[in-house]
Each structure stands twice: as structure tokens, then as C-alpha cells.
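Undergrad: Position chains P and U against the provided structure of chain Z, taking the given hints into account.
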Amino acid sequence: MLERAEIIRQEYLRHDKKFPHVWCPGCGNGIVMGALLRAVHTLELSKDEVVLASGIGCSGRMPTYVDFNTIHTTHGRALTFSTGIKLAKPELTVITVMGDGDSTAIGGNHFIHAARRNLDLTAIIINNSTYGMTGGQYSPTTPYGSISTTSVYGHVEHAFCIAELAVTAGASFVARGTVYHATHLEEIIQQAIKKKGFSVVEVISNCHVQHGRRNKLGGAVAMINSFKENAVRVNKAEKMSAEELEGKFTIGVLADVDKPISTEQYKRVVAEARKNAVKNADEKEKTKVKRYE
Amino acid sequence: MSDERYEVRFSGSGGQGIITAAVILADAIGSFDNKFVCQTQSYGPEARGGKSKAEVVISQSPIDYPKALEVDLLLAMTQTACDAYFFDIKPEGLLIVDSGLVQQLPTSRAVSIPFTQIARDVIGRELVANMVALGAVGYLCGQVGLGSLEQALLARVPKGTEKMNSEALQAGIEEARKIDLDTLPRSVLSDWEDEL
Amino acid sequence: MVDSENVKRVLLQGNEAIVAGALAAGCRFFAGYPITPASEISELLSIKLPELGGTFIQMEDEIASIGAVIGASLAGTKSLTATSGPGFSLMQENLGYACVAEVPCVIVNVMRGGPSTGLPTSPSQGDVQMARWGTHGDHPIIVLAVSSVADCFSVTVKAFNLSEKYRVPVIILSDEVVAHTREAVALPGNDQIRVIDRVAPDVPPEWYKPYADNNRGVPDMANFGDGYRHHVTGLIHDDMGYPTQNPQEVEKFYKRIHSKISKGFQDIQVTKTFLMEDAEICVIAYGSVARSALKAVRTAREQGVKAGLVQLVTLFPFPRKSVDMYLRQCRVAIVPEMNMGQISREITRINQANCRIVKHNRIDGHLISPDEILKRIVKA
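So the sequences go chain by chain: Z, P and U. Read in my numbering, the first sequence has 202 at position 202, and its numbers run on one by one without any break. Read in my numbering, the second sequence has 69 at position 69, and its numbers run on one by one without any break. Read in my numbering, the third sequence has 142 at position 142, and its numbers run on one by one without any break.
Chain Z with its partners taken away, still in its complex shape (with noise of 0.2 angstroms):
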């Protein structure tokens, strides 16, 4: 076990690069680092061909740290620019990391029609209920009743489902983990990565710096051992009355579904496209020859 952590640090992470890294001591952000490395090593993807791509905020630093092809996109808008990418050189394995507020606040609109397109793209979306760099205001997921920079007597609206919304637009494959279930993420993300089509893990992960010390979750141990406490298998979930699940929330796979990839079906568009361009060239030759030789 140490061997492939070692493995995996001198392989995966850029040493001509300036560490340390910008995380808070505790962050989830490293364990879903670690997670993600260890299933591409594990699927044994060449780092030439793999995309890391991210939005603004904590999570928008993971590409900077790693050895792939990276980028570090605008607020919102990372899952555009990997749709960009993937497009033009569908080789590649192009993986997306955002947060919650990158993900469905201002880049909402991106999300569900990147679900809805179903191209062959794997969004990782760490969910730690605030905006943490920006210094703990609320967020999309921020639960009903949180304190938060922006919610001092207690947030008035509620919270997003991210996975459950991933599933309602359309995506092929939706799993969550958190960041206590380290192995059970490295294995959702590699379903993910494996999947054809638009996939999306959502982590719950923990900002104890932020949302934690405002509403008294404990430090990050404390945060992260909650999540143990109150995740449960989507399987066990379904035979558990709604008292039972009160405060819970489910791991696993929530969605697996096979569907057209509109870079496959594209392949289609592009060969009808070329057929009629031949026919439409000979037919006007034709009509020519005909009229006036």
C-alpha cells in the first residue's frame, strides 16, 4: 500500500511545481486528489492522455498539482471548455473537477446541459456546502437554517441535491461518495472515468475552516467521521423508512444508464455530411451538362 502511494506521488504530482499547495490542513480536497490519481493509475491511462480541468475556487487548484494535460478555467465554466476539448480530440479522457457553487450556482446552466448532451466527459463535483476561498458564504448546498458569511441568522433557502439533479438531466452514470469512503471513491471514480457518457460523482467532502466552525460541526476529524455516521448505501436506503433517513443521505450509484454519445452520433452527422456534399457536387454537374453542353 505505501509502495503505490509512493508510486503515485513521484508519478502524478508536478514537482516543478511550487508547493505547497493552497488547502487548508484537513481539506477533503486531497483525499478526492488522491482518490482520482489512484484510479487513473489503476486504469492504467497514459497522463498524455488524460484531461484535468477545473473551475474558480479550492477545488479549481487540484489541476495545478497533478501531471496532465491541465487547465484552470473561469468560474463556472470549466465543463464548457472540457466539452471544447473533448470535442476536437475525442482521444482524450477529459475529467472535470468543480465545487458546488462553481458547479450549479454560476455554472448551473452548464452542468445540466452537459448532462443532457451525454458526451463522453467525467465531472468530479466536491460538495463542502459553502464557498470556501471566498470565505464561507453560502452556496447552492448550504443546508436550510446554516450560518454562513452571508447567512448570519441562518440560511432562508434550500439546499440542491447535486447528484439527484445530475440524474434528473440526464447524465449516464451519477454516483456519490464522501471523503470518509476513500476506496469507495477511488472505485466510483473509476466507474466514471470507465463510463461512456456524461458521469458525475459527487463527493462530500468537508470545509470544518468555513462551514464547520460556523455551525459548530467540529474540526475536520469530527466533520469527516459525520459523514461515516450519516451516509448510506443506496441499496440500504431503499428499505429504510423516510424517519429512518431522516438527516442521511445516500452513497453508490444512484444512475447507470447506457445511451447515445453525441460524439458517436456526431460520427453520423459527419458522414451523411459528406455523402450528400459528393451527391449535391455531382447533381449540379449533371444538371449543367445537361442544359447547356
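All the pointers check out, no bait thrown in.
Here are the simulated BS3-like pairs of lysine-lysine, each with C-alpha atoms no more than 27 angstroms apart in a straight line: (1) K306/U with K321/U; (2) K159/P with K8/U; (3) K272/U with K321/U; (4) K236/Z with K194/Z; (5) K17/Z with K252/U; (6) K48/U with K267/Z; (7) K163/P with K275/Z.
In short, the hints are calculated from the structure, not lab data. No experiment lies behind these values; they were computed from the predicted model shown.
TA: Leaving out everything else, chains P and U in the frame of chain Z:
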């Protein structure tokens, strides 16, 4: 310089195929006769409303201003269009109207041809009245090879409608052949205006 | 436009000629969102791009469109988007990204009356200063204007070439009149067009510094997937592309991205002149208005007035050197524009010759007529 320009304006109401007729004329002159040509049209709500216009500027040298300044030939397929677009026709310009749709002529230097009726009676489709009119405009403007006009038409009309449109064009040309422009008054202005 | 007798001419709209120019320049990716009066560009490319093995996509909005365009360009495909004012407003954020990350791409803005929804179907030149300064922060950018169908082809080719050569987004400003006017043009064959591509690194991947300075000021560009794994960011970055706040590195970065453009002024700044040899009065115009101006200048000459036209093809970086020369030559410069005076600001700014600058602004949604300009010339 301005003498070199020859300007044709097609006008009528949205749906009469005014723009299509202008585009075919421009294509014939520009692509087949190798003259310089600029084609513009009313666009947006203006093009969908009561009146629609499209212009073709023709020249032996590169064209600067793309729109019509002094119109040499005005085709009016409705009374509204005739009233609206007659004002900047040249004194020696020519007005061509659909006789079934334009009854009040602002000048006696005008040619009336029942384009819509010909389309209905001869071709069997009112829809191709624009092509009948194009035939007449093409013949009477003297700026385009009639072969070029037909080639441009064949290249631009929807597949399967070539024969119908081509016949409509020919019907328009034939009708125009019967007209002797020399019998018309010299100017679109009335005599008293000429004296001013 | 010079045509020999045996070259086949085709009747094209301005928007169609932009498509032809883009394809000739090697564009194989388009992402856009429907908007009047630019939609013909999308529609035609949705047919033409797959024919050539390229990709067309309609995105959820203009923000996404330019995002996809930047992504495709980073993966090595020359990319285009086309829009009008409201969409161009939405693109400003990622336009700045393309400036900072130095991603080649071309953005066509078929100008319509603004601000806001404005006059969707009427021509305007109201986005000139926005094209230069729309995105936040000091940034280099190239803005070109088209005035005819032939221009739409050749300027689009030029736009792609400049974009690839200088690794900078290039804006093409068109307007409703240019977009929808049809003219017969002889398109040059592929062998007659000079196409410039980005310079690929010639060092092994482990030596590659994606943002290092060189004598051109334009770093060699590796595409994603070509084996040169590197980092791209909208943050100010060092030679390796990694974020930096080191004052020396920050200043070096800004200076380089600006100086790469100023080093190329001669190549980038294009102005055309008509009848300027002995002109005492010049009309300085661009876009469709330049055509009205040419007509006015010719008519003025017939009346014995020594007038000439300076047509700006490159609006930004503003062609200071050549305009200054004509301001020194002429006693009056007339600047007709379909806005409240956006290029006349630039001309006034650089005028050190005591040339009288006469603005002529029309904002009613109609093209300025030759007569209006002629009256200004005669009065001058």
C-alpha cells in the same frame, strides 16, 4: 461614376418571393455575366410585414455604396410597395407593376403585366409570379444575359421545382418581348414637373 | 477585389463569406448560440464543418460557446464563434481568459443596435470600444472591421492568421449591412491563400516552458494530447504556466503579452486608402460606412473637392502611425460612424497635427448615406 450604376429594386409584400427574385438576378449578373453586383434587402420585421424590398446594384466596376441611390427599374408587386418605393426612381427610370395588384400608377412611364394571373393561368401556380416578373425584369433591364438568368434560377430554386420555375421565367420573358419601351413617355415625371 | 475573366465567381452574403474565409484558414470547430443577425454563420457551418471532418456545436449560451471554442483551440483545432451585441457581452469573461492564457481564437460580432436587446435587425457600430475594452483588466487584443463580402473572406483569413501567430483572440466586427449584402466574389483557391499556424515547440517535453519569452514574445504552443503536458490558467502565471504573485514575474508577464502585439504593429495594422495622394480633406471610416464614404469621396472629386478616404481595417491596436500621417496631410478629417463617436475618440486622442476632426454620427438604425458625408465634405 454614378452613371455606371444600374439599380433594380424589387418590391411587394412578404411571401411574394421578392428577395428570391433579386438574388437570382444578382447571381446571374455576378456569377454568370461577371459584372459587379451588390444585392441587399429589407430584413427582420420589415421583411415580414406589409412591404418587402430587395435591391440589385449593377456596375462594370467595383461598387462602393451597396444600396440603391437612384433606381433605374422598379418592380412593384403590390400597390403599397409601389407607393412606398417609387419616390427615388430616376426620371428616365422604368416602373414595372403587376397589373392585377397595382391599379394606380404614379407615372405613365410604366409597364403593367399580369404576373400573378400568368403564373396562375399558364403555370398553374400563383407561387411562381415572382419568376414571371423576374423574366420581364431581366428582359426589360437589358443588363443580364437571359441564359445566365436561367442558369442562376436553376441553381437556386428548390429541387423538383426547376421546370415550373423555368417555365415561369420564360413566360415572363415572352410577355416582356411584346412591349416596346420606345412608346412610353421619356420621363417618369409629368410634363409640368419637367418644366420646373 | 480583382477578378480575372476565367475565375469562377460566386454570389455570397457577408456572413457566408466569413464561413468561407474561416474554412479556408483552417477553422474546424465552431460553437455558437443563435442570435440575429449572425445566425447564418452558425447555420452554414453546421453543414460545412462536418463535410470537412470538423465539428459544429450549438451551446447553451454564449458564455459556453466561447468556453468550448477556447477548449477546442487548446486541443489544437482552429476555432470560431459568431454572435451579436448581447452575446458578445456574455463572452467578455472568457474572452479575457483567452487573452491571459494566450489561446488563439476568432470571435465574429455582427453588430446590431444596442445597448441591451436594442435594435436586433438594424446595423450599428456601437460595439467598437467594447471590442477593445470589454473584458476587465489590461489585455492585448486585435479588432478588425469588414466592409464588403470580399473583405469578409480575406479579413477572416487574416484574423485566423494573426490569432495563431500572436496567440491572441481576434475580434471581427461586422454589421447587419455587411452581413446580409450579397456580392459576387472570386474566392481564391487554397493554394493562393497564406495560412499561418501556431508554432509548435521544438524541444523535448521535459524542456518545454509553455509561457517562456522568446524573440517574438509569443511562446511556442503545444496542444493538449501532444505529449507536452502543461498547465493553462486564467491566473497570472510564470514561464511554466503556474500561478504566481511574484512582482517581477507578474510584471514580466504583462509586459510580454502587450509587447508581442506592439512588436507586430506593421503586420497587424491594416489601413486602405482611396484618392488620398493629394487629399486635403479625408474621411476616416470603417465597416459598411466606408462604402458610403467612398461614394461620397468620389462624388466630391467630381465636384472638384480634394477629398480622400482612409479605411480602417484594423481598429485595434489603433493604427496610430498611419492615421497620424493623414491627419498631418489634411486640414479636416471627417469621421462618420453608426454610433455616438467611438473611433473619433481614438482619432481625437492621437491628433497632434491641429487637423480639425468632424464627427458624423448616425444612431437611428440606418446606414449612413453617401449624401450625408458629402455634405460634411463640401462644408469643410
